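Enquirer: Sequences listed follow chains A and B, in order. Using our numbering, read the first sequence as starting at 1 and increasing by one per residue. Using our numbering, read the second sequence as starting at 1001 and increasing by one per residue.
Watch out, some of these pointers could steer you wrong.
Claimed, not checked - On the chain B side, residues computed to face chain A include the following (Cβ under 7 angstroms):
(1) V1014
(2) R1029
(3) N1056
(4) E1085
(5) G1087
(6) V1088
(7) A1090
(8) L1100
(9) Q1104
(10) S1107
(11) F1159
(12) S1161
(13) I1183
(14) D1193
(15) A1195
(16) H1197
What the hints assert, rightly or not - To be clear about the criterion: a stretch of chain A counts as covered by chain B if any three or more of its residues have a C-beta under 8 angstroms from a C-beta of chain B, and this derived list gives those stretches:
(17) 86-95
(18) 121-128
Simulated from the structure, these hints should not be mistaken for lab results. Since we're looking at a predicted model, the values are computed, not measured. A virtual CB, placed ideally from N, CA and C, is assigned to each residue, including glycine.
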Amino acid sequence: MAHGRKPAHIELSGGKGPRQRVWDAIRRRRGAEFDLLDVNPGDVPRDTVRDYVLSLTRAGHLEAVGACGGPHDRRRYRLANDAGLEAPRVRRDGTPVTQGLAQEQMWRTLRRHTGDINARELAAHAGTSAAPVSPVAATDYLRNLHTAGYLVVTAEGRGAGRGGVAARYRLRAESNTGARAPMVCRSRAIYDPNLGRIVWHEPVTEEDAIYGR
Amino acid sequence: MTETKIRNKGRDDVAPIATLDLVAAVLERLAGRNGALPGLGVLHGPAGWGKSFCANALANERRGYYVRMLSAWRGKTLLVKILEEMGVRAGGTVPQLLDLVAEQLRSSRRPLIIDEFDHCAKSDAMVELVRDIYEASQSAILLIGEEGLPRKLERWERFHSRVLAWAAAQPVSEGDAAKLAAIYCPGVRIAEDLAAHLVDIAKGSVRRVCVNLTLIHERCLTEGLDEISAARWGEQPFYTGKSPERRV
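Required output: the full structure, derived from the provided sequences and hints.
Expert: Here it is as structure tokens:
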């Protein structure tokens, strides 16, 4: 800190996964050494903590202190390159994970956009060089957010393909839950990290239990 | 569903807004060829000239924190809103919040984008606060406002002299219009004379081009056209931003 004061500790609000909680614990020990046990929030499997610490080390966020070798559990680490509040999204080899960026960009664009938008416009405005967004992906995301009640339809779509008109949507003011993007999960559910809960999941019936799906 | 997805993949993609000339030119002016954003940058230009296109493209490319100022905001509101964008709900005094904002900007290395900065450029306190954020974080901050913003900021010499990049919003080009047509008027081939006319009457404003492309798209759908020229379009008025003329 420029003024020599110890900064107050802040953490992300809303829901947090195990990696985020490990990252929070690491940041609480800025300037100090720690081992795997120190940064385990308690309810996170040891393997998860070890994997994430290893990934962060390979990505250059952490550095191992002292001699290499010996069991992982004994090794000590130090925060070398802080990345802020949000747990860095890195793979085991230290490379960044781009999964989820497209949804984040679409959500950011929807929140920033005044007026209504269709899938094509959303794809063009949300796409970046690192994470391009196709009109198909934008259609999917809009449809999912609409199902979960985030959007109002301002103009119904009709037809398909050439000559079809794409539906137009607008984000409800009260559904602007926060900066973190509601994620459409693989299991056909939508999780809002701002609220820390599932806001929509595919309806299930007893037949799914009997016949499977 | 999956099959259509695969078939459509790649064929139906649209060019990201960041590839428009008017956006790319501004981003290059701000970030330079090596891509490093300067400390304090100002983007200024008339309404409708794609400033928000640039802001959005930058926010998405750099995962920037974007806030749009309102005239009623005071210093604390601005800090709380920035923290909300960072995913933090925090309370405290203005100096405490300032520390939190600066700390996160510095460690995340993500830029801060403040739109409608004209609202800040009315009060000493707000301008000083943004300078504090900059001094404490030494991070990239982009301020966006109307054409007159650089002049307004001259009042604060210490602030003005810290701005490292001034970027003026760019007029819409014919190349841009072609890319926008694929977004706002898909499935219709627009003849060159009509496209040139759209850019001409837009007087630099990308917003007018988008509105008129939507107009063309609607008419082509109604009439079942898949191409259109200036002659075919005829006399139907375009949106030019002027107030409607008196009809007698």
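Enquirer: Report the numbers of all earlier hints that the structure fails to satisfy, in ascending order.
Expert: Numbers 2, 11, 12, 14, 15, 16 and 17 - these are the hints that the structure violates, sorted from lowest upward.
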